[in-house]
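Fit chain Y to the supplied structure of chain Z, relying on the hints for placement.
There are 2 protein chains.
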Amino acid sequence: MPERDRTVHRKALGYRWQGVDELPYKEDDRALFKAITRQLLFSDPEMQAELRYFEMAPGGFSTLERHQHMHAVLILRGRGHCLVGGEVTPVESRDLVTVPPMAWHQFRATQGEPLGFLCMVNAKRDKPQLPSAEDLAKLEADARIAAFLHDDLPAEDASAAL
Amino acid sequence: MPERDRTVHRKALGYRWQGVDELPYKEDDRALFKAITRQLLFSDPEMQAELRYFEMAPGGFSTLERHQHMHAVLILRGRGHCLVGGEVTPVESRDLVTVPPMAWHQFRATQGEPLGFLCMVNAKRDKPQLPSAEDLAKLEADARIAAFLHDDLPAEDASAAL
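Chains Z and Y, in that order, give the protein sequences. Just so we're aligned: 93 in the numbering used here is position 93 of the first sequence, and the numbers increase by one with no gaps anywhere. Just so we're aligned: 2 in the numbering used here is position 2 of the second sequence, and the numbers increase by one with no gaps anywhere.
So that you can see chain Z by itself, here it is in the shape it has in the complex (with noise of 0.2 Å):
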């Protein structure tokens, strides 16, 4: 167990945190993802779930996936847009989602302003599937989503969170 897991009080430096790393992911050709990283702020194997944060700069994104294991989710900074399952919501901070299992899911920060949230999840969970080309094409079919997924979204909508 690393040591910071049980340091009792960790100073917050804006959206960083002492003694937590910030891990940014590899990006690839793929472009799964884009703009973001994670901080696990809270792991212990005395505690059955985890919590972690997650930012993408502004036009970033995170993987479209689904898994069995759910999300609960704060957000804590910023602005964007998500899709769960058949819906594209936009969200700001404070906002709560629920990712269920099985849903698709991403997260996407508005042009201009960085989104962050707060990620509780199991500990014993399993891995995320992604999009085959048939899921996408399913997925694109409803055009609210497609335009999610092209960040593409009319400017109305982008600001009907504010």
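Any given hint could turn out to be false.
Dumping the calculated SDA-like pairs for lysine to any residue here, alpha-carbon to alpha-carbon at most 25 Å [what the hints assert, rightly or not]:
#, chain 1, residue 1, chain 2, residue 2
1, Y, 34, Y, 52
2, Y, 127, Z, 6
3, Z, 127, Y, 46
4, Y, 11, Y, 36
5, Y, 11, Z, 6
6, Y, 124, Z, 126
7, Z, 11, Y, 94
Here are some chain Y residues pointing at chain Z (derived, C-beta under 8 Å) [what the hints assert, rightly or not]:
#, residue
8, 9
9, 12
10, 17
11, 31
12, 35
13, 42
14, 44
15, 67
16, 70
17, 84
18, 94
19, 95
20, 122
None of these hints come from the bench; they were simulated from the model. Beta carbons: idealized from backbone N, C-alpha and C, even for Gly.
Just chain Y now, kept in the frame of chain Z:
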């Protein structure tokens, strides 16, 4: 399972959330806590932990207690102090606090400011224990802990987090 548990998006209204009840604690003569409310943000049979939001009004405090299960705390709002084990620490927005097993702990809001925090906790957990007179005497043998418990920390300490 309450329906709201799987509601995908719950909008924040300040530090309240759509569809989330605010649960005040009934204060009793023992004055074990003061001016604190609780909101259960995430709880689901498929998640092995819960995420709660606690808020103390200025000068309010949580129960002094200990238990085998751990708390993983992120300060979401305001400023105050916490006692964890033998340490009294000023805390402010976004600081992380780990409460290890069986550590006595209490949170207190600064006068003039609320203190709100997220607390992740195992869904299955033991009941809290309250301090005996002997436990209290042991804690109060430490002058700083005594000052914390009697809301009498020196002013310079109260501003140490600034």
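Note to self: If you test the structure against every hint from before, which numbers come out violated?
What the structure shows: Of the numbered hints given earlier, those the structure breaks are 5, 11, 12, 15, listed in rising order.
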